[in-house]
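Undergrad: Here are the chains, one letter per residue:
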Amino acid sequence: MRIDLEQVEDVARELYVRALKILPPDVKAGLDRLTATETDATAKQVLATMVTNIRVAEDTENLLCQDTGIPIYNVTLGSGLEVDGAALKRAIRRGCERATREHPLRSSVVHPITRVNEHTSCGPGVPPIHIDFSDEPGKLTVEMIPKGSGSENNSWLRMAIPAEGVDAIKTFVVDCVLDAGGKTCPPTIVGVGIGGTSDLCVALAKKAATRPLGTSCPDPEGARLEAALTEAVNGLGVGPQGLGGDSTAFAVHVEIAATHITMNPVAVNMQCHSARRASAVISAAGVKYGF
Amino acid sequence: MAHHVLKMPTSEAAVRALRVNDTVTLEGTLFGIRDATQIALFDRGRATRLDLRGHAAIHTAPNVRKVDPSPRNPTGYEPVCVGTTTSARMERFTVPLLEQLGARLIVGKGGLGPGSLDAFARLGGAYLAIIGGTAALETTWIDAIEDVDLDDLNPESLWKFAIRGFGPLLVAMDTHGGSLYAAVDTAARARRANTLAKLGVK
Chain A
1 MRIDLEQVED VARELYVRAL KILPPDVKAG LDRLTATETD ATAKQVLATM VTNIRVAEDT
61 ENLLCQDTGI PIYNVTLGSG LEVDGAALKR AIRRGCERAT REHPLRSSVV HPITRVNEHT
121 SCGPGVPPIH IDFSDEPGKL TVEMIPKGSG SENNSWLRMA IPAEGVDAIK TFVVDCVLDA
181 GGKTCPPTIV GVGIGGTSDL CVALAKKAAT RPLGTSCPDP EGARLEAALT EAVNGLGVGP
241 QGLGGDSTAF AVHVEIAATH ITMNPVAVNM QCHSARRASA VISAAGVKYG F
Chain B
1001 MAHHVLKMPT SEAAVRALRV NDTVTLEGTL FGIRDATQIA LFDRGRATRL DLRGHAAIHT
1061 APNVRKVDPS PRNPTGYEPV CVGTTTSARM ERFTVPLLEQ LGARLIVGKG GLGPGSLDAF
1121 ARLGGAYLAI IGGTAALETT WIDAIEDVDL DDLNPESLWK FAIRGFGPLL VAMDTHGGSL
1181 YAAVDTAARA RRANTLAKLG VK
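Line by line, the protein sequences give chains A and B. This note's numbering numbers the first residue of the first sequence as 1 and each following residue consecutively. This note's numbering numbers the first residue of the second sequence as 1001 and each following residue consecutively.
The set of hints was computed from the structure by calculation and includes no laboratory data. A hint or two may mislead.
Per the computed footprint, the stretches of chain A lying under chain B, defined by three or more beta-carbons under 8 Å from a beta-carbon of chain B, are [stated by the list, open to error]:
#, segment
1, 123–136
2, 149–156
3, 181–193
Selected chain B positions facing chain A (in silico; Cβ < 8 Å) [said to hold, decoys possible]:
#, residue
4, Thr1060
5, Thr1086
6, Ile1131
7, Gly1132
8, Lys1198
With a straight-line Cα cutoff of 27 Å, these simulated DSSO-like cross-link-like pairs (lysine-lysine) come out [as the list claims (entries may be wrong)]:
#, chain 1, residue 1, chain 2, residue 2
9, B, Lys1066, B, Lys1202
10, A, Lys44, A, Lys139
11, B, Lys1066, A, Lys21
12, A, Lys139, A, Lys21
13, B, Lys1007, A, Lys21
For each residue, glycine too, the CB sits at the ideal point set by N, CA and C.
Looking at chain B on its own, in the form it has when it is part of the complex (with noise of 0.2 Å):
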């Protein structure tokens, strides 16, 4: 159960060093993606000027205000509440964020399914576990928004956030075949018999 702190972009050696249980602290920089932005970029062919390669893809569609733009602000978006969207819904697009974008990581909440475990396997990718419904406490860990691409589909923009000491966050799928949900999920259906049981049912 090692610590990682990981200077974006990456390896793919560093990303393959990692194992479930694990803990991450992703620095400098973080890409926000979302269901509408993978749609655009997968099914629909749009293509984007930013460079995904080696980074980290967060799952969310941000709170921002509009402001002058100004060194800090250059987009003219201020974050106002960054947070984590459930990652289940955006499972097909594990595959292309990895092969066409050459992304590595992915944070999200609630975890992926089986097809994002082999593509992890396959590609050198990883799911790295952040609380979902804790957004106050993650935009503290963001710096500024450094870019915003596809900004037609806002909030669920291609986003290039500046980060800081963004984390700890829990390894829940690596390379090795390793899942956290595919574990807990075994378990819990392995009680399912029981506690129907329990409760009286026949």
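Here chain A stands alone, though its shape is the one from the complex (with noise of 0.2 Å):
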């Protein structure tokens, strides 16, 4: 199968506005059993007016959230696909731009020195475009994830060593979750990155951030740390907002990666209340949107 550019850009356009506008039904159902849980009366109250707001975007077609964060694609190629992959990334970012203009989205983006805005949510190096491979024959996935400041703002990488082993993962975590307080626009989903290289290490904490509520750690080590830490983090009182309460973390989510024998990394990335994301499946039949 051919992959059609301009229909590349078209859904890298649509999804930009749909991942604004629709938060994802697993967000949802973590927001009502968190509401179900909580036992502080503020809490309760500003987990009721997050409801009331994806109500109202619903409602009115508003974006859930001002900010429009640094917009990301991932990319997934199935097998038996034929693309040129430079103008397949060409064709995203037109999509991108084209969204910032004719929605009209505020561009969230500016030159790291200069601090100039283009008001095209795009830069040098942004959008960042992932492309990944699958064996599953003539699909083409697109997952775009807005990622917002207040909780990107807080992320951190620990290059631990080994001497300190799974203690020190624990520890970053709790004190991350600590330091990031209300800024972050709890509750959140934690996202923990374990071993790699630095940079892998951080990539899999993003990748733990965005990944659906109500999954799990493919890895079964991983999968007991993220029930012990979402217990854990969930005790300290940070609460909505970081105003209190018993819900500071929708889920903290885990990935891991194999490590160097002297390395110990751990990197953590959050994601906000507002975890928003939508993608779209590009095949024969057409194009599919989901979450």
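Two chains, each in its own frame: build the complex with the hints.
TA: The following block contains the structure:
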């Protein structure tokens, strides 16, 4: 199957707007679950306002949050596809620019030194477009994540050493949640990367933070850590918006990679309660949108 | 835990009457400021023709649509989505915002630090917490964009919004040394040792 790049451009445009307006069902269910168990009166009110906002955004077809974030596109190419890779990336970038101009959206992207905003949501290296491959025949999947700065500004890497063991990982996660306080717009998804190189470790943390709620780490040791850390951070009492309560995190998500015999890296990246993402599958049957 | 309706601009006495856990609804006018706005005003010495004395400033950079100027949209901007950003980045601008520009209230999310808390007590100011990430709802409390200055910084311009029923907002830092954020942070850090012990950390 030959990939139609005009279609990819339209999909890239549509996904940015959809991601900003419609919260995935797993995140909505996550808010309902926290609302049912929250014991703090202020926290209950805060969660109720978040739920109201989701309804208002859908009713008024407006953005959930003003932060249009840094747009991230994750592309998975199935087997048997014919596509010009460089042209594919250009098509996605054009779609991102069009969403910004046509909706219109606030461009949250500036040059890192001059701070000049081109009002396109694009710039050097942005949007990041990650390409991966799968064995699924005839399917191109595009996932779009607008990553807000409140949560992204709370990102950490620690190159711990083997002698510090798993204790270093657990301590680091707890301390990151304490340091983040209300700045990350809790309840959050706390993404933890364990292992790899420094760059891979941070990328794993981002993958973990943007994974759908209800999924768990494929590695059994990682999954056990997820459960223990989720309970631990929710016992701290930071609460929604850092105003106190039981609902500090929807979940702690862990992703792992093998690492060096001398290394024990851990990274944390958080996703805010407006854990936005949208995806589309392009195949011979057309485009199917989802989360 | 009283509820206050404040018609803006307000007075020092009205702000000093606020206590943490009270709620506030703002009426009339709200100014929007952000990192770049305050860097321009307070670090680079730029001036604004807008008068913030006695007013509330929200930490924001809105999504707007360009339209033909009209009585309803005098600036040629229509609000699309107006929300709130993390306040902590702008901690060091609290003092000049209150002292130089005369603002009385800061609306934001995530809270401010001890320097701001001292400034609120000394200068008569308070921090009103809005729920971050609920911009669709907040936008329904915005009537129009009345004015804009420093617009070369767009979207981090200095915005003047006409508002109606902007709230309820939670008084999270007051003039009496009260800060919900400091209280929650202290309590959470007190639980750290026990939390790590339960995780089996030695």
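Undergrad: Does each hint fit the structure? Answer for all of them.
TA: Each hint, compared with the structure:
For the segment 123–136 of chain A, the proposed coverage by chain B is not satisfied: 0 residues have a C-beta within less than 8 Å of a C-beta in that chain, short of the threshold of three. As drawn, the segment 149–156 of chain A meets chain B at 3 residues by the rule of a beta-carbon pair under 8 Å; at three or more, the given contact holds. Requiring three or more residues with a Cβ within less than 8 Å of a Cβ of chain B, the coverage given for the segment 181–193 of chain A holds, as 5 such residues are present. At a threshold of 8 Å, the smallest CB-CB gap from B/Thr1060 to chain A is about 7 Å, leaving the interface hint in force.
Interface restraint check: B/Thr1086 against chain A, minimum CB-CB distance 4 Å, threshold 8 Å, status holds. Taking 8 Å as the C-beta cut-off, the interface hint given for B/Ile1131 holds, the closest approach to chain A being about 5 Å. With a cut of 8 Å, the hint placing B/Gly1132 at the interface with chain A holds, because the nearest CB-to-CB distance is about 4 Å. Taking 8 Å as the C-beta contact cut-off toward chain A, the hint placing B/Lys1198 at the interface holds, the least distance being around 7 Å.
Taking the CA atoms of B/Lys1066 and B/Lys1202, the gap is near 59 Å; set against the 27 Å cutoff, the hint is violated. The suggested pairing of A/Lys44 with A/Lys139 is violated, with an alpha-carbon distance near 42 Å, which exceeds 27 Å. Between B/Lys1066 and A/Lys21 the alpha-carbon distance is near 20 Å, which keeps this suggested pair within the 27 Å criterion. With a CA separation close to 25 Å, the supplied pair A/Lys139 and A/Lys21 stays within the 27 Å bound.
A threshold of 27 Å between alpha carbons decides the hint, and for B/Lys1007 with A/Lys21 the separation of about 32 Å lies outside it, so the pair is violated.
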